[in-house]
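Just need the whole structure built from these sequences, with the hints factored in.
2 protein chains.
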Amino acid sequence: MKTRDRILMGSLKLFNERGERNVSTNHIAADLDISPGNLYYHFRNKQEIVFELFKRYATEVGAFMAVPPDRQLTFTDKIHYFEATFKSMWEYRFLHRDLAHLLAEDDGLRKAYQSFSQQTLRSGKSVLAGLRDAGLMEIDDEQMDALMLNIWVLVTSWASFLQAISVASDQEPALSEAKIKRGIYQLIALAEPFATPGHEEDVLALKAEYLGKGVSDPFTLFR
Amino acid sequence: MKTRDRILMGSLKLFNERGERNVSTNHIAADLDISPGNLYYHFRNKQEIVFELFKRYATEVGAFMAVPPDRQLTFTDKIHYFEATFKSMWEYRFLHRDLAHLLAEDDGLRKAYQSFSQQTLRSGKSVLAGLRDAGLMEIDDEQMDALMLNIWVLVTSWASFLQAISVASDQEPALSEAKIKRGIYQLIALAEPFATPGHEEDVLALKAEYLGKGVSDPFTLFR
Numbered sequence: 000m001k002t003r004d005r006i007l008m009g010s011l012k013l014f015n016e017r018g019e020r021n022v023s024t025n026h027i028a029a030d031l032d033i034s035p036g037n038l039y040y041h042f043r044n045k046q047e048i049v050f051e052l053f054k055r056y057a058t059e060v061g062a063f064m065a066v067p068p069d070r071q072l073t074f075t076d077k078i079h080y081f082e083a084t085f086k087s088m089w090e091y092r093f094l095h096r097d098l099a100h101l102l103a104e105d106d107g108l109r110k111a112y113q114s115f116s117q118q119t120l121r122s123g124k125s126v127l128a129g130l131r132d133a134g135l136m137e138i139d140d141e142q143m144d145a146l147m148l149n150i151w152v153l154v155t156s157w158a159s160f161l162q163a164i165s166v167a168s169d170q171e172p173a174l175s176e177a178k179i180k181r182g183i184y185q186l187i188a189l190a191e192p193f194a195t196p197g198h199e200e201d202v203l204a205l206k207a208e209y210l211g212k213g214v215s216d217p218f219t220l221f222r
Numbered sequence: 000m001k002t003r004d005r006i007l008m009g010s011l012k013l014f015n016e017r018g019e020r021n022v023s024t025n026h027i028a029a030d031l032d033i034s035p036g037n038l039y040y041h042f043r044n045k046q047e048i049v050f051e052l053f054k055r056y057a058t059e060v061g062a063f064m065a066v067p068p069d070r071q072l073t074f075t076d077k078i079h080y081f082e083a084t085f086k087s088m089w090e091y092r093f094l095h096r097d098l099a100h101l102l103a104e105d106d107g108l109r110k111a112y113q114s115f116s117q118q119t120l121r122s123g124k125s126v127l128a129g130l131r132d133a134g135l136m137e138i139d140d141e142q143m144d145a146l147m148l149n150i151w152v153l154v155t156s157w158a159s160f161l162q163a164i165s166v167a168s169d170q171e172p173a174l175s176e177a178k179i180k181r182g183i184y185q186l187i188a189l190a191e192p193f194a195t196p197g198h199e200e201d202v203l204a205l206k207a208e209y210l211g212k213g214v215s216d217p218f219t220l221f222r
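Chains as they are written, first to last, in numbering that gives the first Met the number 0: chain A, 0 to 222; chain B, 0 to 222.
Hints may contain errors.
Remember, identical chains collapse to one label, so a pair may be satisfied in a single copy or spanning two.
As the list claims (entries may be wrong) - Restricting the straight-line Cα-Cα distance to at most 20 Å, the calculated cross-link-like pairs of lysine to aspartate or glutamate (DMTMM-like) are:
id : residue 1 : residue 2
1  : K206      : E176
2  : K1        : E199
3  : K206      : D140
4  : K180      : E141
5  : K206      : E141
6  : K180      : E47
7  : K180      : E16
8  : K180      : D32
9  : K206      : D139
10 : K124      : E141
11 : K1        : D139
For the record, the hints were derived by calculation from the structure and aren't laboratory data.
Structure representation (structure tokens):
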């Protein structure tokens with residue numbers, strides 16, 4: 000792997016594990032066993048690394064959040080949207096854990112994030128419309144706008160919600176895989192009331208998978 | 000008004016307008032036309048002011064997020080829950096605008112926030128159960144847990160969502176009243192699929208009120 004890519008992947012790993020705020024370029028260089036000078040040859044500062052990771056995240060989301068041009072959507076596609084959303088939330092979990100901080104530090108990122116939001120809300124709506132056209136959802140235009148925005152807020156806020164309710168930082172990490180998965184369960188629950196009949200058992204199985212029963216999770220909240 | 004209360008109300012106003020990060024105790028004292036020494040006589044530091052404001056917020060939410068012990072809930076009650084939620088979101092909008100920062104600064108606040116989350120999720124569930132008992136909602140226990148958590152994430156993330164998608168800070172404030180109201184519209188949309196028939200026109204009128212058509216808002220997102 001090229002040094003530039005190694006730096007990006009190493010940074011992503013550390014940002015995800017410790018939070019971007021707690022990771023310096025020196026930490027990254029030390030973790031990769033390269034000199035700080037070598038790191039600075041590829042990236043002027045941490046902001047540039049964050050920005051590049053954000054672009055990769057945005058590219059990944061852009062790639063899956065689309066409707067195939069040549070055929071109708073299927074229930075299997077619907078499951079894939081959930082899976083791909085989970086994958087991107089999990090792989091880039093540092094981004095939405097403390098987005099306000101990242102955006103406050105970098106005007107360029109702020110502008111790019113706004114375009115990304117706009118673009119993704121638009122393509123997300125095409126996906127919902129595609130599911131409706133395929134007879135998989137029953138929903139009117141106004142409900143679709145509201146649902147899309149609620150999905151967006153849920154997906155982009157889930158990591159910071161988990162962070163806010165986690166008390167001890169030395170216990171299990173606030174952003175474990177099981178807890179991110181629970182966010183997808185919540186997403187399935189959001190969309191469920193608009194599903195047309197016919198896949199009830201599949202949805203139950205899907206929900207069980209993402210609910211992750213038996214896994215230690217923060218949702219003792221209700222007790 | 001006592002000086003202590005004037006400091007709290009003055010701080011709340013400045014925090015809401017400018018963001019807590021951008022307001023110092025000196026700003027607060029200057030704005031109230033009192034000496035910094037006088038402010039420090041009442042509060043040791045800004046953290047103490049934030050904590051006291053959080054307690055007032057938590058008390059306000061605790062007061063309205065309850066089921067009357069002596070009678071069934073009505074549709075009017077349901078509207079009042081929406082209104083009270085909006086009022087608390089609006090009056091204390093600085094809190095959830097950059098919660099990660101506030102919690103990172105103060106372990107005591109972090110613990111208090113966790114108790115508050117737990118308590119409010121529990122009482123919110125009683126409200127949903129009360130609406131179901133009164134025949135106003137049709138929802139099973141599992142859906143109720145998921146809905147309650149989605150409501151929580153939406154309400155506590157709305158201000159930071161608005162902040163994240165606002166580009167220019169010198170234009171209209173990111174957290175205008177109309178934009179916070181739109182969050183309640185989103186909340187009504189979340190609950191709507193579980194409403195029993197009988198109040199469709201009232202819900203339409205309610206949604207129109209919170210959607211605030213014609214108001215300049217950030218939801219050109221979909222265009």
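Verification of the hints:
1. Taking identical chains as interchangeable, the C-alpha atoms of K206 and E176 lie at most 20 Å apart only when both belong to the same chain, with a minimum of 15 Å there against 36 Å between chains.
2. For the homomeric pair K1 and E199, neither the shortest alpha-carbon distance inside one copy (47 Å) nor that between copies (60 Å) is at most 20 Å.
3. In this assembly of identical chains, the alpha carbons of K206 and D140 lie at most 20 Å apart only when taken from different copies (14 Å versus 26 Å within one copy).
4. For the identical chains of this complex, K180 and E141 are inter-copy neighbours only, at 17 Å across copies versus 28 Å inside a copy, given an alpha-carbon limit of 20 Å.
5. For the homomeric pair K206 and E141, the shortest alpha-carbon distance between copies (11 Å) is at most 20 Å, but the shortest distance inside one copy (26 Å) is not.
6. For the homomeric pair K180 and E47, neither the shortest alpha-carbon distance inside one copy (29 Å) nor that between copies (36 Å) is at most 20 Å.
7. In this homomeric assembly, K180 and E16 come within 20 Å of each other (Cα to Cα) only inside a single copy, at 17 Å, whereas the closest approach across copies is 36 Å.
8. Within a single copy, K180 and D32 get their C-alpha atoms no closer than 33 Å, and across copies no closer than 51 Å, so neither meets the 20 Å cut-off.
9. For the homomeric pair K206 and D139, the shortest alpha-carbon distance between copies (15 Å) is at most 20 Å, but the shortest distance inside one copy (24 Å) is not.
10. For the homomeric pair K124 and E141, the shortest alpha-carbon distance inside one copy (11 Å) is at most 20 Å, but the shortest distance between copies (27 Å) is not.
11. In this homomeric assembly, K1 and D139 never come within 20 Å of each other (Cα to Cα): the closest approach is 49 Å inside a single copy and 53 Å across copies.
In terms of the numbered hints stated before, the structure departs from hints 2, 6, 8, 11, listed from lowest to highest.
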